[in-house]
Amino acid sequence: NAGVTQTPKFQVLKTGQSMTLQCAQDMNHNSMYWYRQDPGMGLRLIYYSASEGTTDKGEVPNGYNVSRLNKREFSLRLESAAPSQTSVYFCASSEVAGLETQYFGPGTRLLVL
Amino acid sequence: SQQGEEDPQALSIQEGENATMNCSYKTSINNLQWYRQNSGRGLVHLILIRSNEREKHSGRLRVTLDTSKKSSSLLITASRAADTASYFCATAQSNTDKLIFGTGTRLQVFP
Numbered sequence: 001n002a003g004v005t006q007t008p009k010f011q012v013l014k015t016g017q018s019m020t021l022q023c024a025q026d027m028n029h030n031s032m033y034w035y036r037q038d039p040g041m042g043l044r045l046i047y048y049s050a051s052e053g054t055t056d057k058g059e060v061p062n063g064y065n066v067s068r069l070n071k072r073e074f075s076l077r078l079e080s081a082a083p084s085q086t087s088v089y090f091c092a093s094s095e096v097a098g099l100e101t102q103y104f105g106p107g108t109r110l111l112v113l
Numbered sequence: 001s002q003q004g005e006e007d008p009q010a011l012s013i014q015e016g017e018n019a020t021m022n023c024s025y026k027t028s029i030n031n032l033q034w035y036r037q038n039s040g041r042g043l044v045h046l047i048l049i050r051s052n053e054r055e056k057h058s059g060r061l062r063v064t065l066d067t068s069k070k071s072s073s074l075l076i077t078a079s080r081a082a083d084t085a086s087y088f089c090a091t092a093q094s095n096t097d098k099l100i101f102g103t104g105t106r107l108q109v110f111p
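Protein chains in written order, with this note's numbering: chain A, 1 to 113; chain B, 1 to 111.
Everything labelled a hint here was simulated from the structure, so no lab data went into it.
No residue lacks a Cβ here, since even glycine has one placed at the ideal position from N, Cα and C.
Each hint should be verified, as a subset may be incorrect.
Below are the SDA-like pairs computed for lysine to any residue, each with C-alpha atoms no more than 20 Å apart in a straight line [claimed, not checked]:
#, chain 1, residue 1, chain 2, residue 2
1, B, Lys98, A, Ala50
2, A, Lys57, B, Lys98
3, B, Lys26, A, Leu99
4, B, Lys98, A, Gly16
To be clear about the criterion: a stretch of chain B counts as covered by chain A if any three or more of its residues have a C-beta under 8 Å from a C-beta of chain A, and this derived list gives those stretches [said to hold, decoys possible]:
#, region
5, 11-24
6, 66-75
7, 92-98
8, 101-107
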């Protein structure tokens, strides 16, 4: 089992460009999450999907959109990247939303110039 | 705003010593979890303690939870250089389906 995989590992964008971060899990988990991590801060929830077919905003959703493509895949899209979105992005999954252990991917480092 | 606040922000100890990290939170919870993050990597789950539990052990890890004080502590006994990492608490808030992470404690264990 690969667990949670994320692509790409690194990305450099110019302000205004768009991109999609991909996440996939092979643990048959119902819930998936996108977080961002900035220096000196913990993880902040951007969006989550408690189950296939549902998505909800987290703490910092502005500037992002998500798609729960199927049970395995949950993508995060930046429509018009801004320097404030420079961060490390983590995808995670869990069997049940909120209550149980979350399993994290290796992260995507994004630099917006 | 973040639910959990870890204390201290940074901790440096020698191998063999014990390391204690504390976490405080603000609202009622279903459970509290501790995660470890090695530099540049994703988070790894260490231990989960439910709101009706007071203490839990896993190997060299001991976690306590005091719901009356809204606080938890993580004790790593006989620390090793490989324990060098950042440690985060995360709370599963009651009536929500989200985890809220704290800002973390950076632990440095010197050989």
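Original post:
Quick one, are Lys57 of chain A and Lys98 of chain B close enough, alpha carbons at most 20 Å?
Top reply: holds, 10 Å
Original post:
Do at least three Cβ atoms from the region 92-98 of chain B come closer than 8 Å to Cβ atoms of chain A?
Top reply: Per the Cβ count (5), the hint holds.
**OP:** Take a quick look at whether Lys98 of chain B and Gly16 of chain A sit within 20 Å of each other, Cα to Cα.
**Re:** violated, 30 Å
**OP:** Check, residue by residue, whether the region 11-24 of chain B contains three or more positions whose beta-carbon lies closer than 8 Å to a beta-carbon of chain A, and give the verdict.
**Re:** Answer violated; 0 residues pass the 8 Å Cβ test.
Subject >> Restraint status (C-alpha distance of Lys98 of chain B to Ala50 of chain A at most 20 Å) >> reply: Roughly 9 Å separates the two Cα atoms, so the pair holds.
**OP:** Between the region 101-107 of chain B and chain A, see if three or more residues pass the 8 Å beta-carbon test, and mark the coverage as holds or violated.
**Re:** holds (count 4)
Original post:
In terms of beta carbon proximity below 8 Å, does the region 66-75 of chain B have 3 or more residues touching chain A?
Top reply: Check failed, 0 qualifying residues.
Subject >> 20 Å Cα cutoff - pair Lys26 of chain B, Leu99 of chain A >> reply: Holds, at about 17 Å.
Violated hints for the displayed structure, listed by number in ascending order: 4, 5 and 6.
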